[in-house]
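Protein sequences, first through last, are from chains A and B.
So in this note's numbering, spot 153 of the first sequence is number 153, and the numbers just go up one at a time.
So in this note's numbering, spot 36 of the second sequence is number 36, and the numbers just go up one at a time.
In case anyone wonders, no lab produced these hints; they're calculated from the structure.
Honestly, I wouldn't trust all of these hints.
Calculated from the model, a selection of chain A residues having no Cβ within reach of chain B, i.e. all distances over 12 Å [to be verified]:
{"#": "1", "residue": "D23"}
{"#": "2", "residue": "I27"}
{"#": "3", "residue": "L50"}
{"#": "4", "residue": "Q94"}
{"#": "5", "residue": "R101"}
{"#": "6", "residue": "G158"}
{"#": "7", "residue": "G161"}
{"#": "8", "residue": "G182"}
{"#": "9", "residue": "M293"}
Straight line, CA to CA, 30 Å or less: simulated DSSO-like cross-link-like pairs of lysine-lysine [what the hints assert, rightly or not]:
{"#": "10", "chain 1": "B", "residue 1": "K301", "chain 2": "B", "residue 2": "K276"}
{"#": "11", "chain 1": "A", "residue 1": "K301", "chain 2": "B", "residue 2": "K29"}
{"#": "12", "chain 1": "B", "residue 1": "K29", "chain 2": "A", "residue 2": "K154"}
{"#": "13", "chain 1": "A", "residue 1": "K280", "chain 2": "B", "residue 2": "K280"}
{"#": "14", "chain 1": "A", "residue 1": "K154", "chain 2": "B", "residue 2": "K280"}
{"#": "15", "chain 1": "A", "residue 1": "K174", "chain 2": "B", "residue 2": "K301"}
{"#": "16", "chain 1": "B", "residue 1": "K154", "chain 2": "B", "residue 2": "K301"}
{"#": "17", "chain 1": "A", "residue 1": "K174", "chain 2": "B", "residue 2": "K205"}
{"#": "18", "chain 1": "B", "residue 1": "K110", "chain 2": "A", "residue 2": "K174"}
{"#": "19", "chain 1": "B", "residue 1": "K174", "chain 2": "A", "residue 2": "K174"}
{"#": "20", "chain 1": "B", "residue 1": "K174", "chain 2": "A", "residue 2": "K299"}
{"#": "21", "chain 1": "B", "residue 1": "K280", "chain 2": "A", "residue 2": "K301"}
{"#": "22", "chain 1": "B", "residue 1": "K14", "chain 2": "B", "residue 2": "K29"}
{"#": "23", "chain 1": "B", "residue 1": "K110", "chain 2": "A", "residue 2": "K154"}
{"#": "24", "chain 1": "B", "residue 1": "K154", "chain 2": "A", "residue 2": "K110"}
{"#": "25", "chain 1": "B", "residue 1": "K154", "chain 2": "B", "residue 2": "K3"}
{"#": "26", "chain 1": "A", "residue 1": "K276", "chain 2": "B", "residue 2": "K29"}
{"#": "27", "chain 1": "B", "residue 1": "K3", "chain 2": "B", "residue 2": "K14"}
{"#": "28", "chain 1": "B", "residue 1": "K110", "chain 2": "B", "residue 2": "K21"}
{"#": "29", "chain 1": "A", "residue 1": "K174", "chain 2": "B", "residue 2": "K154"}
Please read all numbers here as calculations on a predicted model, not as lab measurements.
Here a beta-carbon is modelled for each residue, glycine too, at the ideal position from N, C-alpha and C.
2 protein chains.
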Amino acid sequence: MEKLLCGVDLGGTKLAAALFKQDGTLIAKKLVYDHRKDSCDEVVQVIVELLGKLFRENGVDTARIAGIGTALAGHILYEEGKIITTSNFPVNMQGYPFADRLGAYFPGVKILLDNDANAQAYGEYKYGAGRGSGSLVFVTVSTGLGSGIILDGKVIRGQSGTAGEIGHCIVDYKSDVRCSCGNFGCAMALASGLFFPDLYSMYMKQGLYSTIDITEENVGQVDGRMILEGIRAEDPVSCAVAENSAVVVGTSLFNIFSMLDPELVVLGGGLMALGKDYIKRIIEEFHSHTHGMMYREMKIKLAETGADAGLLGAASLILEG
Amino acid sequence: MEKLLCGVDLGGTKLAAALFKQDGTLIAKKLVYDHRKDSCDEVVQVIVELLGKLFRENGVDTARIAGIGTALAGHILYEEGKIITTSNFPVNMQGYPFADRLGAYFPGVKILLDNDANAQAYGEYKYGAGRGSGSLVFVTVSTGLGSGIILDGKVIRGQSGTAGEIGHCIVDYKSDVRCSCGNFGCAMALASGLFFPDLYSMYMKQGLYSTIDITEENVGQVDGRMILEGIRAEDPVSCAVAENSAVVVGTSLFNIFSMLDPELVVLGGGLMALGKDYIKRIIEEFHSHTHGMMYREMKIKLAETGADAGLLGAASLILEG
C-alpha cells in the first residue's frame, strides 16, 4: 500500500497537521490553537497528541507513514533537526533537539524539521508553480520575508541550514529602519507585515496624512489587512507602505537574479492578498533593473499550493530528505 | 603521460595564456598586449597564435592538452561557450560563439569559456584557499566587484551562466550613485575601483577636502593605487572612499551569508592591496551584522592563487567541466 506523507505546520498562532498522498492530495487535516506551552517538551507533547488523533481517526498506523516533516519559521539546523532561532514562537526553543524528541514517540519513522520557506519552496517544486522546473527560488512575503532555494531539485540549506534568508539581506545599508534581527535596512524591515506599523509611523512622521484614522496611538494595529483597506480607500500612508514594500520585494528579486540566475521565482505569502497592483509593481520594479543583464527570462509565478502550502511543504520534505 | 591544462585570461589590457600540470604547477606562460582588435574573429586569431607559440616552445602538441579554459570579465552563456556581455573589452562581443570559433583551430580539444570570477573561484577551490572545502563563495574586489559560487564542488552558474553577480546586487535601493549597468546603488558602484573617481568626487561635493591635490579636473585618474597613497597620507577623501568600499563589501559578505550560508568566503582582487586595515574593516562590518544568526562560523580567507589566479582559474575549469 502506498505510504503517506505527514506534514506539521508549527506556527505562532496555530498548529496544524495533515496527511497527504504522495501525489499531494490532502487526506485529512487537524488544527489546534492551544499549543503555545511553557516548554519545548510540552509543545512536542501537543504535536504528538494531535498526530495520534489524526492517525487514529483515519485508521492509519505509523507503518503507513513515509515520514513526518515539520515546518517552522526560524533558523533550523536541518541535518540535526535542531532549532537555532524561531521568529514568532513564544517559547525559547534555541538549541532544542526537536526531531529527536518528536522521533522518540514514533520509532522507525523518518522525522524532518525545516524552515517554513524551505518547506514551501519544496512543496511548490513538487506540487505547485515549480512542477517541471529544475531550479527555483520561492519567496514568501508575509509577516516576515523569506525564501527557499532549490537548485537541480535539491534544497540549498548552506552549512548549518540557514540559507535563503533573503529577508535579512540588506538593501539599504545606510537605513535607520531597524529589523527584529538588530540590523538596519534589511529587506524584511522595509517590506514585510511585521514592520507595517513602523513604516506607517515613519511615513506619517515624514508628513503623509492618514485618512483611515490611524494615529501614533493605534498605529501598532496596522497589518496587511488594514493596508489593503487603506489602499482601497486611497489612504496616502497605506499606499506609501505598499509601494515601498513592492519596490523592496522587486529589488530583492533582482538581487536573487543577480546571485543565482534561477529559471523561476515563485511568489507567495499572505501579502499577495494586497492585490494585482501590488504584485504588478513588484514585477515592474524587478524588470526596471534587469536591462541587458538577463539573457534568459527569469519567470515569475504566483504560488499555487494554496491554503495548505505550509502543511504540504512540510510533508513534501519527506520526498527530498 | 599526464595531460596538461591550458588557461587563457582574456583581459581588457592584456591577454595571457599558460600551461599547468594537473596539480596546478605552472609550466609556461605567455603574454601579449596587442590583442584589442576590431573584430572578435581577429581576437580569436591572436589567441590561436599565442597558444601556438606556447605549445611549440614547450614541445607540447594538442594531444597532450586536456582542454583550454578561457576566462573573461562579463556575462557568459557557459553551456554554449557564448558571450552575453563583456565588462572591459572594447570589441562588441555580444552573442559571439567564442568556444566554437576557438575550437575550430583545436579539433578534439575541450574548449570552455567562463566568467573570470567563476574561474578564479574554481581555481581557489582546487588549488588555493578553498582546498578541502565543499562549498565556497569567491569574492573579487578589483576594478569591478564579482563573485563565483561553488556548492558541493560545482560552480553555480544559473540558467544562462550569469549567477554570482554580487556586484550588481543592490545594497542601497534609494541611492543616486549610478553603476555602469544602469542601476543605482549596486554594491559595485559603491565599492569597486572603476567607481573611485565618482565616489571621490561625491565626497568632495559633500564637503571633504582633498589633501593629495585631487580636484574636479583630475579626479578621473583616481584609482586603487591613488586611494592607497591617499590613505597613507591620511587624505580624508581617500579614507572615506576606502571606508565606504569596506562597509559595502562587508555588507555584501553578510548578504552572501544570508542567502547561501557557505562554509567559506575567499576574498581576492586587486583592492586587497589597500591593506590590512581595509580587509579588517570588511570583516568587522560583516561580523557587525551576524548577531545570533550565524550558528556555524562562516570562515573568511584571503585568496591564495596569487598573480596567476586568472590563468590558473581558467585552466582549472577543465577539471570541472
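Need the list of violated hint numbers for this structure, in ascending order. 4, 6, 7, 8, 9, 11, 12, 13, 14, 18, 21, 26 and 29
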